[in-house]
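S.K.: These are the residues of each chain, in order.
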Amino acid sequence: MPLYIYVLEDLLVALILLSSFVMLSSRWISFYIHAYGFQSFLIFVLTLVLGIESQNIDLYFVAFLTLFVRTIIVPYILLKMIKKFNIKEEVKLIVKIPLSIILGLLLTVFAYFLAYRLISPFSPKIVINASSIALSLIFIGFFMIISRFTTITHILGLLVIENGIFLLSVVIVPTLPIIVELVVLFDILVTVVAMLILSMFMKAQTGSFSTTMLNRLVG
Amino acid sequence: MNLSLLNPLNYYYLFLIFSAAGILVSFLGLILKKLKNNFVFSNILYMAASLTAVSFSVIAFFKGGNLLSRVLYLGSFFPAGGVVLKFDALSNFFILFIFAIFFYISLYQIRYVKKLGSGINAALFAFLYGVMLVSVYFVIIAFNGFVFMIFWEIMAISSFFLVMTKHYIKGTKKAAFLMAVITEIGAMLIIFGLMVLYLYSNNFNLYALKDAVIPGYIKEIVFTLFLFGFGAKMGIVPLHIWLPEAHPASPSGVSGVLSGVLTSCGVYGIMRFGLYVLHPAGSALLIGTIILIVAAFTMFFGVLYMSQTHDIKVLLSYSTVDNMGLILTGLGASLYYKYYGLYGLSALALVASLYALINHAFFKSLLFMGAGNIEHETGSHNMDDFGGILKRMPVTGALIFIGVLAAAGIPPLNGFVSEWLNLEVVFLGFHISGVLPRILLFGVGSILALSSAVAISSYVKLYGLTFLGLPRSEEAKRAKEVPSSMNIALIIPALLSISLAGFMFLYTPVFSKAAELIYHINIGKNILHNYIFIPYYSSFSASSPVYLFFVSILLLSALYILYKVIIKPKKRFVDYAWTGGKNIINPHAQVSTLGFSNALRVMFNLVYKKGSRAEVQNKTSQHPYELKNPFPYSSYYHNSSGYGSYIFPLIEYYLYLPLIRFFEKISSVTTEVMQNGSLNLYIFYIFFVFAASFFIIVLIPV
Amino acid sequence: MKIFIITFLIIPLFASLSSFIIKNKRFAEYISLLSSSLCLLGAFIILYFSISLKTISIFNSAIVIDKFSAYIILLVSIVYFLSSMYSISYMRLAMEGEQLTGEEFNRYYLFLNLFALTMLMAPMINNMAIYLIDIELTTIASAFLVIAEVTEKSIEAAWKYILIVSAGISLALLGTILFYLSGNIPGSANTISSLDWTTLRLNAVYLNKDIIRFAFVLIVIGLGTKVGLAPMHTWLPDAHSEAPSPISSMLSASLLNTAMYGIMRYFSITGKGIGFNYPQTIMVIIGIFTIFTGVMGIINQKSTKRLFAYSSIEHMGIISLGFGLGGAFGTFGALLQMLGHSLAKPVMFFGSGNLLHKYKTKDIKKIKGVFYVMPKTAFLFSIGVLALIGSPPSVTFISEFLIILQSLKNGYYAVAIVLVSLLIAAFVSLLSKVGSIVFGKDDNSLNIQKGDFGLASVLPMALPLAALIILGFYIPGNLYRLLMGITHIIIIK
Amino acid sequence: MNIYLNSTVFQIFQVLTVLACSPFIAGFISKIEEIFEGKTGPSVFQPYYDLYKLFHKEILIPVDASFIFKSAPFVSFISMVLITLLIPVLTIYPLPLGFMGDMLGGAFLFSLSSFFINIASLDLGTSYGGLGSSRATLLAILSEPTLILVFVGVALIAQSTLPYVMLHTITSSLSLYFSPPHFLIIVAFFLLFLADTDRRPINASTHVEMSMIEEARILDYSGPYLALLKWSGYMKQFLLLVIFLNVLVFPWGLSVNHSPSGLIIAIISLIVKMLIVGFVAGVIDTAISRLRFFRYQEYFAAAFVLSVLAIMTFQYKGF
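Protein chains in written order, with numbering that gives the first Met the number 0: chain Y, 0 to 218; chain W, 0 to 701; chain Z, 0 to 492; chain X, 0 to 318.
Worth flagging that the hints you see were computed from the coordinates, not collected in a lab. The beta-carbon is built from N, C-alpha and C at its ideal position, and this holds for glycine as well. Any given hint could turn out to be false.
Derived coverage of chain Z by chain W (criterion: at least 3 residues anywhere in the stretch with Cβ under 8 Å from a Cβ of chain W; other residues may be distant) [said to hold, decoys possible]:
#: 1; stretch: 155–162
#: 2; stretch: 209–217
#: 3; stretch: 223–237
#: 4; stretch: 381–393
#: 5; stretch: 397–405
#: 6; stretch: 417–423
#: 7; stretch: 470–477
Calculated cross-link-like contacts (lysine-lysine; reagent style BS3-like; alpha-carbon spacing at most 25 Å) [claimed, not checked]:
#: 8; chain 1: W; residue 1: Lys169; chain 2: Z; residue 2: Lys375
#: 9; chain 1: W; residue 1: Lys165; chain 2: Z; residue 2: Lys449
#: 10; chain 1: Z; residue 1: Lys432; chain 2: W; residue 2: Lys173
#: 11; chain 1: W; residue 1: Lys390; chain 2: W; residue 2: Lys479
#: 12; chain 1: Y; residue 1: Lys124; chain 2: Y; residue 2: Lys202
#: 13; chain 1: Z; residue 1: Lys440; chain 2: W; residue 2: Lys173
#: 14; chain 1: W; residue 1: Lys169; chain 2: Z; residue 2: Lys432
#: 15; chain 1: W; residue 1: Lys476; chain 2: X; residue 2: Lys69
#: 16; chain 1: W; residue 1: Lys113; chain 2: Z; residue 2: Lys449
#: 17; chain 1: W; residue 1: Lys567; chain 2: X; residue 2: Lys56
#: 18; chain 1: W; residue 1: Lys664; chain 2: Z; residue 2: Lys364
All chains, please: the whole structure from these sequences, using the hints.
M.R.: Dropping the structure here:
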């Protein structure tokens, strides 16, 4: 296996991590979406590279589906949505941006720790690296949902989690049946659409995409 | 199939047919509005069913031998195992008197419920009553722990709804609810005990449970569980708090059932599961001690609160608590004697306990029905509102007088016999070789004496302030005699009470049969000679309640005849002698209920936590979750609010209120934290659990 | 058999689409009722086949129906049937009350049947990942049912529901991938390249033990979100209380069971792989905590439907505790508790739906004297609550009894005592709250017209109640054998 | 047959003795009290005159009175007669109908009498009746546990609750007779005797209005009814003294056989013993003052403690 592939893979996963930190460090929603599209694109490239590496037809297929769904359709819908309703800025953050970057770093460290503990006995270093970044994507996705207050960010947080899971599955179990990847993508699509519809209902009822108002149901 | 009248099993089927028919009729009445008189029909069917149940027991006792013990296998039921119903001496005994009670209460409530009017659903009432009747029957004959529990709970639930009958009245919901809570706690304790036994027997069949080899400490634990579990139904301290709430809230027939039947079922449970199944031998000392301590507290608190109330039904319900203590005394003593190898005495103590039980069941249902008669006419059970009822309701008054004599333990009636018998059992404690158990037994004896004295005082108050004196309210003045069917229902327990004293010799074989089942020793021959009752050792004592009964009646009539013949007094009917023949008695100058018992309130203030009116405001504001106080503020004088006091029961105050507050606090804090409406927090929980569990798994290697 | 299963699944699909296209209200009602009754029939047939024949395995083992699946299908179709029957009454009243537009009405029936379809499918699917996706689809279908009446609160509930559950399911997906990984360790002798439970279960001993430990926790957290295990339960009270009553009952009585089914599949694989001690401990801990949370929610509750939502949480806790305790009794009790829960919950939610239509409020304090206003509902409601809280004669009593018994058998005395005291607390508070609703003096100030609603509002309450009570007295041999068979499927070593 | 006949005769004599002598003892005690107060006092036969007078008066019956008012005097009287049948007044062997009850039965029969008087006092609705009844029941509440403990003590010593057996046991063993528990019990019982017969420090038998306990209950009785009640009061005092003397303190001097001489000796010795104790009671009654109402429990507590001490010493000494 040529060395450049490893270098490329390392570079790609690093960029993926970076894109998630970009998302964490911004309060502009369109910026999030673009960062998410970029991240998905990186994942597509990584999948493609892995497919080339392992000569796995399924992975090509999955890679292009990812390109199609994650990189094009989902960001497109989201962008259209924010254009239609003219949403620009995150309303309120629960943690300030510097702090959230620090927390994100901590989560990444934790993800490395976990991944090392989890799969170190039987995996090459590159896989450990990639899978720990995948885990950190999951963590950061959760962190985004926890610390942000608009519906769009919540959707994006979920999507980042899905990206992390997808990355993990591609990296550590590239032989996963293709049907699984297919339905996961389908699921993402349906979920995003459903959530967007819901958030439009919400906009119609409350006049805002902010989730800070969602505190009527208590007890 | 033997269709002879003397085949008891036919009565079993007849019982099933009659009761099912009764339930069906009431259910139809529930669904079809057109079906008139379904209430009367179903109650008549219940009467028939009760009669057949009683006949079964009577025939079984007369025929003895094999017939006494009938086993019915009904196949098996998961997870109970084989479903066995068994009629043995103990269950026959309980069926005998419990269904006698059901018989006359069914008769009683035919007219009684009519008065309650359209507020209640009579068909539903009859339906629930029938369900309870059947469940009680199966509770008694179920010979399988699981099946027993199912019917036990059906009984509890139906009685809960029966107490709820007058739910349109404020406070009823709370009362029924309190009862449900306590009985549920009890049921859970019983279930727990049964399960622990199951671990040793792997079967819920009572034969298997009985034969299982169980270590002593397990027996002690399980017995304690059973004691408090069944005690919740009986009303032992500290689980008695539902009685003074539920009895006044429910219709009088139901109060009678609650007090006469359900408490008896609790005693049955202790006897069947505690004594028969567990048959403690080496652990009998500890168990007996627990029982006796509980009995002492039960009598003490029951009787002291009994004396302080102004509500007839509250008084009667506390009296039930007191009587349960009496019954438990016999049980505890019997275990002591068993431990020390005095089997005859332990059977005797059990007989005493059973005697107290059956007495209590009859006279208490009589008194509750009597209270119902008064309520029927005046719409109240506050003794301060009554007075002079005897003049207006002579039959009721006379019948209740019998009940009061019995309940207060006045010779020569049956209450006296049972109290005397239990005291004898306590006195026989000098046969016990251990010093401390002996002293405990004597201590319980002195509390028993205290309780009987306070009970006399309370019943004097009850009868004197209710039936005697002058009417203190318009309702009391307008009262008139109730319909005769209600009074006929009262006559039956009155006659039974009398027969228990005057014809004691008829009952003793039955008691000793039941005791034989548990202690395998028949003392029937030893304790009764020529109508003289001998508490096992003839040198110890020999008394004859039977002779006492008849001789006292004989002497009384002789004296009356002598008086009429020799003295020939001139009678003059005038107004009051003390006032110089003038009628200047003010009805409101009579002693009030509080005035009557206030001295006790002052002397036992430690127990009563008496408070004056100035404190009422503070106290209620302090306790937002306040349980209903059965002893609210009342005045020493009628028509006055100036001088008075209230008490708050000690156990409610120091045990239950803090518990309730504790739970509410935990719950409000938990839900406020867990469910505060913030989505971000919710996601954080998931994330936190995820991260934390991973962390833990990482840290703890395989 | 293939055709039968396909038809079985097409029926609700057809019902949902046709009702949406035709846009006739009566037609939508009756086609749903028809479809649900056919599904119920079909479920019984499937059950019969899976008991008498062997496991149904079709489409190259993509769909495998064993006894456990058949049992869950049966539970789902029972609730589906009851809910579609009750919907007739509920939605008509909602239309009369002008809480609902015609469009929303049609959407409701579209998603009702779709929801049922997804839930019926879930237990059949052999592939774990696809099962999870199906669960996600149930979420989406039911989220639209939660906002059948579009209000601010219902949107809030639906949003929370969909977000929380999606986050949870993604964790479950991660867990599933780890399961796959555990069978595909590079360099190990046995690779199991499959996500079918049948395969995994068969080869569970070859899975990597270390990874399974992580994977199972992820599954419990992920699917536990859907099941309503604390502290992932937070969506549950909101969604249950804001959804229309038939939907609340479907959510509570069938959806939770369907998700619990998934956990149990993983449970049995994990148990076979690394020994049952580990998954059981997790289930016991989380079960106890869930019961605690549910009971605390019950004690401190002011709204009727949230009350029963918390009761669902409590029941799910009991079920997971039962599975966690294992043994014949614990597992059997948990399965029986599923049945009891599925039968009892509709009664309560339908009852509170009737109350909602009559009193226009969910506030417990404002509803009084139902016995005078709606005697039939009140009667069924009060019996229902007894069945719900596990007083005999009802199935729930037997199941809770078995679970306590099993905890004693295992020697977990502390668990048993905690369980019993929490059950008592639940009993007390549910009884007092329902008692205060049902009984009491009729409040004339509210100007409420007396009388029950039609048959469709009462019959769906009466039917499961009758079943609950009959089963409380007598558990048929077939049911016993079925549940015992499932117990073997789950916990056989 | 002959023995039975004799026994029956003895039983009749026993009842007659109690009926006839009880007013005399009452008169004697009040005479003693008067003398110690420095007065002459009425004759010792004054109670007989009272009874005679009352039996010949007419009865005033209030119109509101019920059967309870009318039956109370008879029941009260009969219960005393019944007790007389049970206890060893003259003989140390049981007489016919003596088996009807033991000591406990006797205690219950006392409560029968007081129960009827209490309840009858509430019959007319006068305020005094309620007061008296309330206080009397309170006294019973306070004294009953002690009474039972005293009986327990006696039963412990004698291993029986039958008065005849008790008497036998105590006379048969001098060490038992002179044991501390026995004396403690005697003292406790004497305290109860004082309380039960309306003496100081609980009540003042000579000044009936003072504490409104005993007399308040029978204020509205007159004529023969009052006579019956008074007579049963005298008998109660007499019977308590008999139990005290013949069972506990000095169980000697009773007839051991069925001879008439034994009968006469027994009667005479009984009267003598009673006069001595009556003298003591009279002295005590004049020497100390009455307790405040809400301090009654202290007095009874003293008696209670004494009886508990008796039982405890018996437990640990062992006999």
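S.K.: Each hint needs a verdict: does it hold in this structure or not?
M.R.: We went through each hint and held it up to the structure:
no., hint, result
1, 155–162, "holds (count 3)"
2, 209–217, "holds (count 5)"
3, 223–237, "holds (count 7)"
4, 381–393, "holds (count 5)"
5, 397–405, "holds (count 5)"
6, 417–423, "holds (count 3)"
7, 470–477, "holds (count 4)"
8, W:Lys169 to Z:Lys375, "holds (23 Å)"
9, W:Lys165 to Z:Lys449, "holds (20 Å)"
10, Z:Lys432 to W:Lys173, "holds (11 Å)"
11, W:Lys390 to W:Lys479, "holds (9 Å)"
12, Y:Lys124 to Y:Lys202, "violated (47 Å)"
13, Z:Lys440 to W:Lys173, "holds (13 Å)"
14, W:Lys169 to Z:Lys432, "holds (16 Å)"
15, W:Lys476 to X:Lys69, "holds (23 Å)"
16, W:Lys113 to Z:Lys449, "holds (24 Å)"
17, W:Lys567 to X:Lys56, "holds (10 Å)"
18, W:Lys664 to Z:Lys364, "holds (20 Å)"
Of the numbered hints given earlier, the model fails hint 12 alone.
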